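With the hints as extra help, turn the sequences into a complete structure.
Protein chains: 2
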Amino acid sequence: MLIRCRRVLTVLAVLSLVSLTGQAFGQQDNTDPLPSWKEGPAKQAIREFVRVTTDRASPKYVSPEQRIATFDQDGTLWVEHPMYTQVMYCLHRVGVLAKKKLEFWKREPFKTVLSGDRRAIAKLPPKDLEEIAAATLSGITVEEFNADVRQWLTTAKHPRWKRPYTELTYLPMREVLSYFRANGFKTYIVTGGGQDFVRVYAEQLYGIPPEQVVGSVGGTKFGYAKDGRPILIKEPKLLLNDNNAGKPESIHMMIGRRPYAAFGNSPGDRQMLEYTGAGDGARLMMLVFHDDVKHEYAYGPAQGLPNTKVGTFPQALYDEAVQRGWSVISMKNDWKRVFSFEK
Amino acid sequence: MLIRCRRVLTVLAVLSLVSLTGQAFGQQDNTDPLPSWKEGPAKQAIREFVRVTTDRASPKYVSPEQRIATFDQDGTLWVEHPMYTQVMYCLHRVGVLAKKKLEFWKREPFKTVLSGDRRAIAKLPPKDLEEIAAATLSGITVEEFNADVRQWLTTAKHPRWKRPYTELTYLPMREVLSYFRANGFKTYIVTGGGQDFVRVYAEQLYGIPPEQVVGSVGGTKFGYAKDGRPILIKEPKLLLNDNNAGKPESIHMMIGRRPYAAFGNSPGDRQMLEYTGAGDGARLMMLVFHDDVKHEYAYGPAQGLPNTKVGTFPQALYDEAVQRGWSVISMKNDWKRVFSFEK
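So the sequences go chain by chain: A and B. Quick note: the first sequence uses the numbering used here, first residue 1, plus one each step. Quick note: the second sequence uses the numbering used here, first residue 1001, plus one each step.
If you are wondering where the hints come from, they were derived from the structure by calculation, not from laboratory data. Quick caveat: nothing in here was measured; it's all calculated off a predicted structure. Ideal Cβ placement from N, Cα and C applies to all residues, glycine included. Honestly, I wouldn't trust all of these hints.
Claimed, not checked - Partial list, computed: chain A residues near chain B (C-beta under 7 Å): (1) T220; (2) L232; (3) Y275.
Given below as structure tokens:
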């Protein structure tokens, strides 16, 4: 009996040791951490990268504090067509502000937005969109802005799926985020979108806290409210444009380490992937390619797909990916399903 | 025997539960987490703050992901007299660069620096120091800069203690950092000093990783080396001045949450403490007051101490602290010892 008791204790001790070791080194059990991915080169690349960077016996082992992975958002983690979600929010804000700012009804580009003419709105050039963003994302405290975006997200719906934008995240990519984190990686969003905007929902949607969201940054100004309370007011001023070369520059400023993995889907992510790939050891660079018109959208113009102004994927980027050994994720061929609400 | 075996198992299970609970809630055992602090109001304020924000039964409980604490560096975590360490590095760099840039020997303010006349150097106005910083902290890749600072830190010594600057951190403040982290707080440096400079040593000295160092930011430019390799070059351009109002503005940009605790030592930290104190629930605002001429330095001009240009503590700041209920840490009365090399 004593022997049996000792055996039980030994088994318990070994089990708890195994459990602790598993936790410490982020080892996975045998269940597939990427169930929405079809077996193929993309899934294989992700699993192999995680294996070689987290296995202490691997020559490409990366110590936990160095494990940084960066993800673009629009078109990489969630839907960006027919228009970026933040632009939809800004257009909505024009309507709200126009109740007080009556001059909006006479002044372009606000007049066009208020007309509700979707075709005319879709044709607004970047300069006009920037003016709209500056006017609608400023003049309020950071807390007022957060509350307003949060409220809008509960009511706004995507025109195609008639669902909140927050349901339009890509399930396979959320699996990648979880898989990376389970293996000791710190996951960052590095987006061309507004940092304050994405921070409102990133924790709830992706498990990514505000301090791990890097984006385009508008100025804020510290000051005092009438009652003397210190406040931060959003200013109509772009401090950092987190696109193209701005991505590695912001990564250096906000993180201070070179990522080991970077995910994107358009030329705005190119320099981030180049910078990531220029590091030594194992590095993973991946681009999401929208080629599934049935479940989401199909746009290029790479590989003969239709061209687009929103999140374009030109042939030159496709060719660079092939040449540099980056993985192109085909939504059609690499994913079993796109959204968690699909069967 | 079976009964005894069951009892052993029960005891084991209870013990492991206690251990897990202790870990999960960051509970301390009975050893003093702040052994270099004398019993008194400052130590009491820190312990009470940690207790009410981490005890789930407390009405001022703060969920772990919200636990942010920010610390100024120069004069708060390490010695800043007779001159900021980074300025000493810049002066050294002038000498190195002058071997190639012969015009430095004829041009002010470089000529004064190269003269070695400590009195004249100490009198250089901020504009000249900025010009020296811009010239010495730019034109190289971020990796070259890191390597150079790292190398300098191994050889440079403080004129008074004849020890590396890296040994001149305040032991009581390092205990606060550890104590906060053991209780689930994320500790950040928020310094007026150069972000890239402080990041070189913050992990080794304070256990604070690069992504948790916020500081004044010089521009970096993404580009390609002659061999095509993507690189980031430091530019002679100040993007963010992380002093005064710049501190809460940078905290919003880099962290995106209001801190629950903030530590500083001079007017450059005032707005950070005001912004922290404007939040609801328990907030801890503390200022290190240098009044120990024997073990470190004594400077004000608050409370009749001598005035200084480096890390001044004016009476107005002292009065604001008293009025707003911030704690002033007296190095002489609140600390048992300043440095870990003291007996």
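Tested hints:
{"no.": "1", "hint": "T220", "verdict": "holds, 5 Å"}
{"no.": "2", "hint": "L232", "verdict": "holds, 5 Å"}
{"no.": "3", "hint": "Y275", "verdict": "holds, 5 Å"}
The structure meets every hint from the earlier list without exception.
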